[in-house]
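S.K.: Sequence:
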Amino acid sequence: MLADGVVGGRTVVITLEVRRLFCDNSRCGRVTFPEQVRGLTERYQRRTPLLHQLLTAIGIVLSGLPGARLAALLPAPASKTTMLRLIMLTSDPAAPTPRVLGVDDFAFKRCHVYGSALVDCETAAPR
Numbered sequence: 001m002l003a004d005g006v007v008g009g010r011t012v013v014i015t016l017e018v019r020r021l022f023c024d025n026s027r028c029g030r031v032t033f034p035e036q037v038r039g040l041t042e043r044y045q046r047r048t049p050l051l052h053q054l055l056t057a058i059g060i061v062l063s064g065l066p067g068a069r070l071a072a073l074l075p076a077p078a079s080k081t082t083m084l085r086l087i088m089l090t091s092d093p094a095a096p097t098p099r100v101l102g103v104d105d106f107a108f109k110r111c112h113v114y115g116s117a118l119v120d121c122e123t124a125a126p127r
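In my numbering, the protein residues as written are 1 to 127.
No lab work stands behind these hints: they were computed from the structure.
Each statement offered as a hint is correct.
Each pair of labels, with its calculated beta carbon distance range:
id, residue 1, residue 2, range
1, L89, C121, 30 to 38 Å
2, F22, A125, 51 to 59 Å
3, T123, V18, 43 to 51 Å
4, Q36, G115, 47 to 55 Å
Quick caveat, the model's predicted, so the values are computed rather than measured.
Don't be surprised by glycine CBs; every beta carbon is placed ideally from N, CA and C.
Please build the complete structure, drawing on both the sequences and the hints.
M.R.: This is the structure we're talking about:
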């Protein structure tokens, strides 16, 4: 059974029957494996890619517990740890290499703890 998005305010559950295939390779550790349906199933997942993208977007915007609360209202329930795990699975967007780099040294507490910040001087974005 796969969980999917919400249609008309109701939870959608897809019951899918797939073939179990046998591996003929004698060195393979897996004896059987299920057939995959492109666009609908992913390995080791109990939700569709569409629901996975929805929960990831909610997790990125709201984070753990608030995201889990909103997901429960949709209804596409997910725990706060699932939301945090989905955030950690997303890759960071590729940032271009800065051409002009500025260094800012500062003290958190006078004469005790110091820090440095690297800043792209053209875009004023921290690095």
